[in-house]
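4 protein chains.
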Amino acid sequence: MDIIALKASATDKDIRHVVKRLESMGFKANISKGTERTVIGVIGDTSKITEEEGNAFEAMPCVEKVLRIIQPFKLASRNFKPEATVIKVGKHAIGGKKIQVIAGPCAVENREILLKTAKEVKAAGAAFIRGGAFKPRTSPYAFQGLGEEGLAHLAYVREKTGMPVVTEIMDPRDIDVILKYTDIIQIGARNMQNFRLLQEVGSYDKPVLLKRGLSATIKELLMAAEYIMSRGNHKVILCERGIRTFETETRNTLDLSAVPVLKGLSHLPVVVDPSHGVGKWRLVAPMAKAAVAAGADGLIIEVHVRPDEALSDGEQSLKPEKFKALMTELKAVAKAVGREI
Amino acid sequence: MDIIALKASATDKDIRHVVKRLESMGFKANISKGTERTVIGVIGDTSKITEEEGNAFEAMPCVEKVLRIIQPFKLASRNFKPEATVIKVGKHAIGGKKIQVIAGPCAVENREILLKTAKEVKAAGAAFIRGGAFKPRTSPYAFQGLGEEGLAHLAYVREKTGMPVVTEIMDPRDIDVILKYTDIIQIGARNMQNFRLLQEVGSYDKPVLLKRGLSATIKELLMAAEYIMSRGNHKVILCERGIRTFETETRNTLDLSAVPVLKGLSHLPVVVDPSHGVGKWRLVAPMAKAAVAAGADGLIIEVHVRPDEALSDGEQSLKPEKFKALMTELKAVAKAVGREI
Amino acid sequence: MDIIALKASATDKDIRHVVKRLESMGFKANISKGTERTVIGVIGDTSKITEEEGNAFEAMPCVEKVLRIIQPFKLASRNFKPEATVIKVGKHAIGGKKIQVIAGPCAVENREILLKTAKEVKAAGAAFIRGGAFKPRTSPYAFQGLGEEGLAHLAYVREKTGMPVVTEIMDPRDIDVILKYTDIIQIGARNMQNFRLLQEVGSYDKPVLLKRGLSATIKELLMAAEYIMSRGNHKVILCERGIRTFETETRNTLDLSAVPVLKGLSHLPVVVDPSHGVGKWRLVAPMAKAAVAAGADGLIIEVHVRPDEALSDGEQSLKPEKFKALMTELKAVAKAVGREI
Amino acid sequence: MDIIALKASATDKDIRHVVKRLESMGFKANISKGTERTVIGVIGDTSKITEEEGNAFEAMPCVEKVLRIIQPFKLASRNFKPEATVIKVGKHAIGGKKIQVIAGPCAVENREILLKTAKEVKAAGAAFIRGGAFKPRTSPYAFQGLGEEGLAHLAYVREKTGMPVVTEIMDPRDIDVILKYTDIIQIGARNMQNFRLLQEVGSYDKPVLLKRGLSATIKELLMAAEYIMSRGNHKVILCERGIRTFETETRNTLDLSAVPVLKGLSHLPVVVDPSHGVGKWRLVAPMAKAAVAAGADGLIIEVHVRPDEALSDGEQSLKPEKFKALMTELKAVAKAVGREI
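Chains as they are written, first to last, in our numbering: chain A, 4 to 344; chain B, 4 to 344; chain C, 4 to 344; chain D, 4 to 344.
Chain A extracted, bound-state conformation (with noise of 0.2 Å):
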């Protein structure tokens, strides 16, 4: 039920035009009238009204204010389904007790370099490699990834490693040659909006790793998967990767308060990125153990051998040596709240 306010000043004629224009979209108004002014319920599944229809009704000039109340998402809503949602990868779960890592460099820049960082995270426990073939870059100068040869690279890798790869999409039109290389299609930051990429993965079988944009609210990110799920993709990884506030400390906020907030409010498993989230490798490892403890069921680190020599983002990438000693650390924060990695 959501619900209509009236103005003091609203008519019977108004009250009228309201409930007709309710009727006419399929709910039954409740009519309650106080001393001050009228309020009325909308009766009936009212998660299909739209912001823009709530925003119609706040146009009327007899109308105080909408309330909605229901939340505008519902497949990706815990109310919708109770348990938690876990997603199987070849032999990994992501979403269960276990906390997966996905690890590697921001950009895939070269085979070998890729093949070694990959063996360097997984004998420290990561599960997935992740590396980016084309590159969403705020320059048109800049390295804008390799393309079909780096999903090659990863795909190599992933045979040699048996480690399964987690890379970018970032046009419907790749959505082939994504799909034939990798096991989980990641939609970035800059995406996350982008409607029609997100229907073109909703199509398909295959897990989606949804990042937060960088001034999404929660909700928003829950509508950007409902977008996924609505097409019949149920399989969706929540991604919370920093927002942009006034602090120019960090590259971005990390909003570890996400974490529960998005558990209260879905089923879907919940994985953070503090390397993008902060922007400089010194706070990663902080952070990453501070997104364990706020109940992340996954992490997805940077790892570079070479950070600055990195083409991309190398500020923020960890050395391996860096990143073992980390997981040693995570390992401890993840058993002290009932988990494992």
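By construction, these hints were calculated from the structure, which means they are not laboratory data.
The model shown is predicted, which means the values in this text are computed figures rather than measured ones.
Among the hints, erroneous ones may be present.
Claimed, not checked - EDC-like mimics (lysine to aspartate or glutamate), calculated; alpha carbons at most 20 Å apart, straight line: (1) A:Lys91 x A:Asp208; (2) C:Lys266 x B:Asp177; (3) C:Lys322 x D:Glu56; (4) B:Lys51 x D:Glu39; (5) D:Lys209 x D:Asp186; (6) C:Lys338 x B:Glu332; (7) B:Lys101 x C:Glu67; (8) D:Lys84 x B:Glu26; (9) A:Lys84 x C:Glu67.
Place chains B, C and D on chain A using the hints.
Just chains B, C and D now, kept in the frame of chain A:
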């Protein structure tokens, strides 16, 4: 010239390492040893150094700070092209003395309503008709636009009224159909960093109206314009449409100071969308007048014949009579700042 | 009337508990049972329910959401007093048809410079002289103002020019000395929620210029005005001076939409400080014109005879000749929107 | 050393003007002419150059950019004092291996409830009792605290339990009564830049818990600490309590990355207030654990025996049994990161 300030603890070996790296990238280094620290000036065209490459220098343990002096955009910058760009669309020009008004409904819903609206806004002084056929909506269950049918309605209205058409592209796969029907292609706020879409529209000789993203900085907006221009299409119109802040009384915070900042940094025309910027029709008129006073080259205003029945964004649409009254006021403000409407 | 929506799982006992609590606070409850959930309307003067009391209801396990309809401010609201407040200061009035301009240096540095500046801005059309004697500075090592000596300089300039004085109070212990020398007391942005200071200035019959805090919502600004007014002083002038956002090209983001929003919610006059709002003198003129077009009742503009030697905020000060040129342009814009300067 | 980059158009006369100005301030200039522009290195203790003086240089027409390398805070910086500061309060120490927990109600309401709460939190492992006697409330009509009566209740509870007391000061005129009753003086978020209050508490030998302002950057928090320290009181405890962002699911966005950033920049202890940071009791436990994992030296947690009857902030208070359960979990997390509680 950019500047790399080393830490007080940096050794001669560190300095040589940084210099070698710079030289391998084609730059010369100007070493300046102070009493407290060494500062390295980078000589050459440092606008080619990407943000990520700059960050990689900052990742070096001996580096305190990397200081960028050169703007990362080039084709879009006023340094590169000092005189203002004027974009011709049919018999109209955007960026000249005359302030152009683009008006129409948020979404195209129906041919007759669109034609009626177009006639009304044309009579009031608007030169361009706008309307969305492909609509980016936060909910997958909301009206997604009429698609090509909507584009055909726009073309019909253009034929009947002579008004050039502005409409949004959401997917690079729609480029052919969009090019067939529209005079100015709009890139919406949520797609400002959809880099593939930017590259796509950059490949055609068709004006692009580029909206600032909800959390995009002014520089990021100019970098997005640079993406389009780097492909050859220099007809980019920048659009301020409100940024996301903590304030909730307005849908977004319309950042009018972006207008003079953009006019200072770039030669491209700048238009303002007060309807999306504030999200409430009562605020559209004062903010439209303020935009003109701040130096905008144009306005995009939502007008709908029956806002409380609109399928999209009714709350922020003006009725034709209010739009007409606003145009009269805008003429006076434009004249006061030496422009005309 | 406020509204408490209960969870679908709420029992009759829960409902009785909520109702009993409301009754103990002096309200009546209007219970409306829907098919999905029960909604309780709160009848009585709910503007007296504090945010914290509302939150306490939301803390009850049976409550889904508490929905406030009534605004939390009363004396400051336009519902309470529909006609605009006009504040008389000497022979000038703020809030009427004439837009008032307050000009002067950020900090009072020297009597002669202040007098020279005052004469210049008066000749250009400013009615009020401003200058800080007590300066809130982010660094303890920065110039903190001349204190009472600065106030005496202001009083001297008032005597010589007849211009009323606006200056800032930082400490309730300074109230006597401030009252002695000033015509309008300024509360700076950083003290907008210094509630003791608000109460102090609320106890005297002296106009108060209340600046919006860097991260204050429009409602919080009005609640701060309410603090002053609740002590008896209804002469409050609201001031928009920029809010903190992620954008770094400007010192703050001047939220001009706050002007029409405040004029709608409140009867108090609203002035704009473009100098602090943008922090760069090149942007002051366009934003001052935009503020007038948006409906501001006044402007506060920093003017300094030698900005590059100013001890405070030189970067955002106009030289007298630029101020004079701006005043000419402002007159035209004011006329275009039916006002005068 | 700071750096002043001149515009390409700067003349020799411009350079001499800048150099002269620097020399008049006691600095030496290191001029470095590149092919494109001249860069001036400022030699001397540039930490004494205030932000405003830096801005004044930027106001000069020949200057492109002023680049500050030195941090503006000194006494608070880790460069100045590399070893961590440990603050003794009675038999307890803040900043050492042991993580300290400060617990209690938001506002002191009643002596018996306070004593009961204190006994419960002490039994669970909290060392300090907190409670507000002077409360900063957004509404003038809300409960403003019991004042000195509340302080007396706190002192009574200290006597009965041996727990040191933390309470907030709002007005410099209250310093004597606060000093009489409290062990740690709290400066609330809204007063972080109430510079007179900072100077006042800086004049006594009493630990100060300094909360980060809602929109304060990490550097501004350190500058506020510098204000206190510059008066002689070096016993400052920094507190992260959430910043204001666009997200509305939580009351504020708890910026846990501020913990490692502050520990890197400063030697002062850092505590976290998850209760105000998130504003919902369900989120307090995960964020408290995350804070410890991120390296916090202490926690401030709101505990109330009957949260839904609390006069202030009930929604975010834990009941004693939930607090007790949380303390058990926190012990495990603390151990996992090499600390103890």
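Comparing the hints with the structure gives:
no.: 1; hint: A:Lys91 x A:Asp208; verdict: holds (12 Å)
no.: 2; hint: C:Lys266 x B:Asp177; verdict: violated (44 Å)
no.: 3; hint: C:Lys322 x D:Glu56; verdict: holds (18 Å)
no.: 4; hint: B:Lys51 x D:Glu39; verdict: holds (15 Å)
no.: 5; hint: D:Lys209 x D:Asp186; verdict: holds (7 Å)
no.: 6; hint: C:Lys338 x B:Glu332; verdict: holds (11 Å)
no.: 7; hint: B:Lys101 x C:Glu67; verdict: violated (53 Å)
no.: 8; hint: D:Lys84 x B:Glu26; verdict: violated (38 Å)
no.: 9; hint: A:Lys84 x C:Glu67; verdict: holds (19 Å)
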